[in-house]
Each structure stands twice: as structure tokens, then as C-alpha cells.
Amino acid sequence: GAGVSQSPRYKVAKRGQDVALRCDPISGHVSLFWYQQALGQGPEFLTYFQNEAQLDKSGLPSDRFFAERPEGSVSTLKIQRTQQEDSAVYLCASSQERTPRGEQFFGPGTRLTVL
Amino acid sequence: GDSVTQMEGPVTLSEEAFLTINCTYTATGYPSLFWYVQYPGEGLQLLLKATKADDKGSNKGFEATYRKETTSFHLEKGSVQVSDSAVYFCALTPGNTPLVFGKGTRLSVIA
Chain D
4 GAGVSQSPRY KVAKRGQDVA LRCDPISGHV SLFWYQQALG QGPEFLTYFQ NEAQLDKSGL
64 PSDRFFAERP EGSVSTLKIQ RTQQEDSAVY LCASSQERTP RGEQFFGPGT RLTVL
Chain H
125 GDSVTQMEGP VTLSEEAFLT INCTYTATGY PSLFWYVQYP GEGLQLLLKA TKADDKGSNK
185 GFEATYRKET TSFHLEKGSV QVSDSAVYFC ALTPGNTPLV FGKGTRLSVI A
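The listed protein sequences correspond, in order, to chains D and H.
If you're matching positions, the first sequence starts at 4 in my numbering and goes up one per residue.
If you're matching positions, the second sequence starts at 125 in my numbering and goes up one per residue.
Treat the hints with care, as some may be off.
[As the list claims (entries may be wrong)] Each computed BS3-like pair below joins lysine-lysine, with the alpha-carbon atoms no more than 25 Å apart: (1) Lys180/H with Lys201/H; (2) Lys227/H with Lys14/D; (3) Lys201/H with Lys227/H; (4) Lys81/D with Lys14/D; (5) Lys227/H with Lys60/D; (6) Lys201/H with Lys176/H.
Derived from the structure by calculation, the hints contain no laboratory data.
Using the sequences and the accompanying hints, generate a full structural model.
Pasting the structure below:
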């Protein structure tokens with residue numbers, strides 16, 4: 004079946020622009036996670052949903068970052084007034100389990116470059 | 125806070141060589157431990173996991189044993205292949221909190 008998909012795969016934004024990154028999880032997966040991966044680093048947690056409820060957003064680096072999953076399926080990560088330090092790969096993962104102990108299935112990521 | 129430290133790469137090995145990638149962790153409680161792999165051009169995928177002390181996770185010839193006394197989860201493979209070239213990430217979760225990843229170790233296997 005289809006895996007996790009993300010769009011766009013690549014995004015170039017001018018500093019100060021708003022961007023929206025989309026994640027389509029595996030159908031039926033309850034949990035959805037967003038991570039930020041800087042070049043040469045491991046993924047760092049941003050936020051986590053269980054169905055439509057955002058259970059943890061402690062990793063969001065500033066109030067310019069906002070995520071939603073209104074119907075418990077597709078999720079959007081929005082970054083307002085992008086800065087150069089926001090340049091990274093943004094990974095989405097989904098899991099059929101309700102806790103982070105379960106296997107997470109990752110999408111290919113969206114590479115964001117802020118000029 | 126919780127953290128994972130893994131050996132820095134890149135690691136370059138000849139085909140059929142023995143592989144060890146070290147991973148140690150700091151965590152409260154009894155975390156679950158994971159190895160994820162990222163092949164070129166692909167997304168992260170789970171390689172193996174262990175959920176309690178002395179458990180051994182294994183998959184595709186790779187193994188890692190959860191050692192609570194040394195807080196380690198080293199990844200090993202007896203005979204690597206060119207197709208094992210990838211970036212390997214060690215990760216943990218204490219349970220109800222999200223995954224914490226190491227920085228990754230790039231492995232290159234040459235024929």
C-alpha cells in the first residue's frame with residue numbers, strides 16, 4: 004500500500020515568506036509526528052498528533068511554527084515569516100500505535116531552503 | 125534530558141567486513157531503543173528495536189542488544205554488503221514522549 008507522502012518535496016522561500024508543508028499519513032494511522040532535520044544531524048521532534056488532537060508541541064522552535072491535523076488524517080506544518088535558520092528537511096511520520104513506542108513510518112521529507 | 129550518542133562517521137568498510145556502530149544513551153526510566161536506516165534517496169525506515177533490558181533486536185543480518193548496565197545499543201553485522209551503504213540512526217523513547225535521535229552514522233561499503 005501507499006506509504007507516507009509529503010509535498011512539496013522541495014521548497015525555496017525568500018526570508019519573510021510563509022510556507023505550508025503537507026503530510027499524507029498511511030491510511031488509518033492514529034499518530035502523526037513532525038521532525039526537523041538539519042544538514043548532518045538527526046531528526047529533532049517538533050510536534051505530535053493523536054488523531055486530530057495535538058498532544059505535544061514542545062519541539063516547535065518558535066511561535067512562527069504551527070501544525071494542524073483537523074480531520075485526523077492529513078497534516079499541515081506552517082512556518083510564518085521564514086528565517087534562514089528554518090532551512091532544513093522536514094520529516095513526517097505516522098504510526099498505527101497511540102504511543103511513540105510503536106514503529107514510525109517516515110515520508111521522504113520536504114527540503115526547505117530559505118534565501 | 126534524554127539523549128543518544130553514536131559514533132561519528134563516515135565509516136568505510138570493504139564488502140564482507142564486520143560492522144559495529146556504537147550507540148550509548150541517557151534516559152530516565154526504561155526506554156525503548158531503535159535503529160533506523162536511511163538509504164540514499166529514501167525515507168527513514170525502522171531497522172530493529174528492543175523494548176527491555178537484554179532484548180536483542182535483529183533484522184536483515186543486523187543485531188543490537190539492549191545493555192542497561194552500560195546504557196548501550198550497539199549495532200552489529202557480521203558481513204556487510206554494498207547495499208548496506210546508508211545512514212544509520214540510533215534512537216530512543218521513554219514511552220509516552222517522542223523519539224530522540226542520535227546524529228547518524230554514514231556507512232559506505234566498497235566492493
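Checked hints:
Only pairs whose Cα atoms come within 25 Å are accepted, and Lys180/H paired with Lys201/H is accepted, the gap being roughly 13 Å. A distance of roughly 24 Å separates the Cα atoms of Lys227/H and Lys14/D; the hinted pair therefore holds under the 25 Å criterion. Using a Cα cut-off of 25 Å, the hinted pair Lys201/H and Lys227/H holds, with the two alpha carbons roughly 20 Å apart. Among the hinted pairs, Lys81/D with Lys14/D is consistent with the structure: their alpha-carbon atoms are about 13 Å apart, no more than 25 Å.
Distance restraint check for Lys227/H and Lys60/D: the Cα-Cα separation of roughly 22 Å lies within the 25 Å cut-off, and the hinted pair is therefore satisfied. Distance hint between Lys201/H and Lys176/H is fulfilled; the C-alpha atoms sit about 21 Å from each other, no more than 25 Å.
In this structure, none of the earlier numbered hints is contradicted; all agree with it.
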